[in-house]
Amino acid sequence: MDLLERYLQSVGEYLPARSKADTLAELRENLLAEMESLEEELGRALTQSEVAEVLEKHGRPVLVAARYLPQQHLIGPAWFPIYWFTLKKSFPLVVLAYAVTQVAAWLFQSGSHVDVGAVLGHFPAVALIFWAVFTLGFACFEYAEGRYFHRVNFSRAWNPNDLPRVEPAQRKRPSLVSRVADAVMAAVGMVWLLALPYMLLGLRHMREMPFQLAPEWRIFYWRMVALLGMQLALKIVRVALHGSEGWRNGIDIAVQVIGLVILAVMVQAHTYLVPGSGAGAMSVQDLGILNTALNMAFKVSLAIAVIKMQVDLWKRFFSSRTGNNWFAPVL
Amino acid sequence: MQPTSQNEMFDSLRLELRRGCLILAVLAQLRVEHYGYTLRKALADQGLEIEESTLYPLLRRLETQGLLTSEWREEEKRNKRFYRLSVRGAAVLELLMAEWNGINDSLHRILEEKAVKKER
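Residue numbers (this note's numbering), protein chains in the order written: chain B, 1 to 331; chain D, 1 to 120.
Calculated from the structure, these hints are not laboratory results.
Be careful, since some hints might not be right.
[As the list claims (entries may be wrong)] Examples of chain D residues lying across from chain B (beta carbon under 8 Å, computed):
hint, residue
1, Ser53
2, Lys77
3, Asn79
[As the list claims (entries may be wrong)] Lysine-lysine pairs mimicking DSBU-like chemistry, simulated, CA-CA at most 30 Å apart:
hint, chain 1, residue 1, chain 2, residue 2
4, D, Lys41, B, Lys20
5, B, Lys315, B, Lys299
6, B, Lys20, D, Lys77
7, D, Lys77, D, Lys41
8, B, Lys57, D, Lys41
9, B, Lys57, B, Lys20
10, B, Lys57, D, Lys77
Yeah, the Cβ is synthetic: ideal placement off N, Cα and C, and Gly gets one too.
The whole structure should be built from the sequences, with the hints applied where relevant.
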């Protein structure tokens, strides 16, 4: 029976100390009873290989021991759907928070250049830490639930009347991912606009270029920065907003209107570029044509944006009359 | 569908189907006192084979839940752990049996209905 003792010893390695002796004594008795029954059937003592066969059939020690332990899981089936849903919903917010902190860090560390590779390379570690902390939080909550506070009954604590209204498939509002992507792109655009003067000053041959930025830039540049900042703030609010549809629509309209005002500011500027001071400077006449073309491009963009906004407002009016309160953002 | 995956799927569904039934069978069988091995034999004699590695931990779990009681006692010059249905276990068994009978009747009706439609 040396093999049986070796088997029990192996099972015991995976059992908790407080119940180990008791479990092994019971297991020994059951296995011995089985072997004795087999010996009675055969009318002789079991051979080593027959004992091995009984033990093999009983199972690998680590798995046998695991069955005596309380059922273990990091996040159980009751909480897993909530965990997975929350993880999926909060991940885009992590991306947004990371983008905003990187932009803020760059803004407050004046003079430093943005190492895009390092910023992107650092993100997987941030995402992994977020996942680990998030999972640990859920695991701790599940462990404490029932031990330190009452179990949460999710199946009862909900009201079907709180469900959102049906939105037609072709008119669904932008998903969380697209709203976050929109906010991130707005943040990147803002960074680019803020970096523009430094980038231009950093160009050694700027004075030798055939044209320079017009003095009007000093006025409409800061207007654009202010307007884009407002637009970015609204887009960030829109990401986190889970309130009424009215608020969402209001923000969408505000974002659209700011977009129109930005284009209007650019249209008002008229002169964007002036001749450079270098030898190869463009003539005033050529730059006049270029400025007119740029101004025309902004006017066309403004006209398209106004038409688009009117179409969206009409759709909104139409859908509200048919019971669907919907509005799609343009910018 | 590949035969192997079909077999695997059948095994998985069979396991799921048996899981709840085993608890009912064990509780019912333990209205009479048994220790692990004799309980397994008694169930097998009535056509319900259970692996040792499934049955013995199950007994511990049911005892922890208060549905069984156990005591170590000497029998045939060896100490054995005998299990028996507790008072609470007996009450739960009654409820489970009523549930089982309800499910059984419903399934019979559903399966007979299908069989009749097939014959037509």
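Assess, step by step, whether the Cα of Lys57 (chain B) is no farther than 30 Å from the Cα of Lys77 (chain D), and give holds or violated.
holds, 27 Å
Is Lys20 (chain B) within 30 Å of Lys77 (chain D), Cα to Cα?
holds, 23 Å
Status of the hint placing Ser53 (chain D) at chain B (closest C-beta pair under 8 Å):
This interface hint holds because 4 Å falls under the 8 Å limit.
Restraint check, 8 Å cut-off on beta carbons, for Lys77 (chain D) near chain B:
Given a least distance of 12 Å, the restraint on Lys77 (chain D) is violated.
Minimum Cβ distance from Asn79 (chain D) to chain B below 8 Å?
OK, holds: Asn79 (chain D) within 8 Å of chain B, min 7 Å.
Given the hinted pair Lys315 (chain B) and Lys299 (chain B), is their alpha-carbon gap at most 30 Å?
Holds - the C-alpha atoms of Lys299 (chain B) and Lys315 (chain B) are around 24 Å apart, at most 30 Å.
Would the pair Lys57 (chain B) and Lys41 (chain D) pass a check requiring their Cα atoms to be no farther apart than 30 Å?
The hint holds at about 16 Å.
Within a Cα-Cα threshold of 30 Å, do Lys77 (chain D) and Lys41 (chain D) meet the stated pairing?
holds, 20 Å
Tell me if the straight-line CA distance from Lys57 (chain B) to Lys20 (chain B) falls inside 30 Å.
The given pair, whose Cα atoms are some 22 Å apart, holds under the 30 Å limit.
Lys41 (chain D) and Lys20 (chain B): Cα distance at most 30 Å?
holds, 25 Å
Hint 2 from the earlier list is the only one contradicted by this structure; the remaining hints agree with it.
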